[in-house]
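Work out the full structure: start from the sequences and follow the hints.
The listed protein sequences derive, respectively, from chains A and B.
Residue numbers for the first sequence follow the numbering used here, so the first one is 34 and each next one is one higher.
Residue numbers for the second sequence follow the numbering used here, so the first one is 25 and each next one is one higher.
Worth double-checking, as some hints may not be accurate.
[What the hints assert, rightly or not] Now the in silico label distances, taken between C-beta atoms and shown as ranges:
{"#": "1", "chain 1": "A", "residue 1": "H155", "chain 2": "B", "residue 2": "G83", "range": "36 to 46 Å"}
{"#": "2", "chain 1": "B", "residue 1": "L115", "chain 2": "A", "residue 2": "Y67", "range": "28 to 38 Å"}
{"#": "3", "chain 1": "B", "residue 1": "T100", "chain 2": "A", "residue 2": "I201", "range": "43 to 53 Å"}
{"#": "4", "chain 1": "B", "residue 1": "T100", "chain 2": "A", "residue 2": "A132", "range": "51 to 61 Å"}
What the hints contain is simulated information worked out from the structure, not anything from laboratory work.
Heads up, the beta-carbon is just placed ideally off N, CA and C, and yes, glycines get one too.
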Amino acid sequence: MSRQTARPTDSRKVSAELFTLTYGALVSQLLKDYENDDDVNKQLEKIGYNIGIRAIEDFLARSNVTRCNDFRETADVISKIAFKMFLGISPAVTNWSPAGDEFSLLIENNPLTDFVELPEGHNKLNYSCVLCGALKGALEMVQLEVDVKIVQDQLKGDNVTELRVKFIKRLEDAIPAGED
Amino acid sequence: MAVCVAVIAKDNYPLYIRTIAVDNELKFHYTVHTSLDVVEEKISSVAKNTADLRELYLGLLYPTEDYKVYGYVTNTKVKFVIVVESSNTVLRDNEIRSMFRKLHNAYVDMFCNPFYNHGDVISSRSFGEVVNGMMVQD
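Right, here's the structure in full:
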């Protein structure tokens, strides 16, 4: 699905506000349909997963990155190239666990949550859950099983939105990755 | 600095009213309610005369002995009303205009919240903070 030859410049850019409003409309409609915060979170994650498994192809085609040698490289590629390409932001990679298998992505100005204020009584709603699903789906397609959770959320009063990514296992060891 | 700020919907019911802490808050509610007539008059008179760009800022609607009432209407017929004290002569027209502009911006930002439904009473925290910033501090 390489679009490198079809479009020399990305002439179909959509206004960021339109994107934010579209996502907002999606979440508010889901909330009306399901009414239960946990169900909405699950649906958002599924939606994110479906986006992720497709977005990874686009990403690999457009960015020409090579196979990462370790998880740290993966984290850097996610933050500096992937997020930049799709959302135009560069979250910070921090809080590495001592074993090197968990890290945090800190997002300061999340384009999905411009203008959004969570309504009363919906405190468990993870508005940016779609990002968790997308990361999980995308990494699964490159043979990495991860678990992604939101630990801090700007909509709930924290200063940053923090996504915690935990490496679970490699899905197939068919191609050894350099030095193992 | 305003003494009362009100946002009124297209169908003339209040979306948001905030007054300073005073025993007789209803007085402000009445003032805003009666100012709606003046707003309607101004909108209809301008609409008959000009077909082109209408000024959103309506200016001084009417002065009472204690207060001056200013109005502003958006293109979607949402009205903002600000009441200031007559004794406050420092406030110039430009400042009132800029207050309305800030209000309008805050209203638009609040409206973009996907959880806000058109016609709901306004309960947004950030909108409340903007309004607080322009009320008389006691």
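These are the hints, each one checked on the structure:
{"no.": "1", "hint": "H155/A to G83/B: 36 to 46 Å", "verdict": "41 Å, holds"}
{"no.": "2", "hint": "L115/B to Y67/A: 28 to 38 Å", "verdict": "49 Å, violated"}
{"no.": "3", "hint": "T100/B to I201/A: 43 to 53 Å", "verdict": "51 Å, holds"}
{"no.": "4", "hint": "T100/B to A132/A: 51 to 61 Å", "verdict": "56 Å, holds"}
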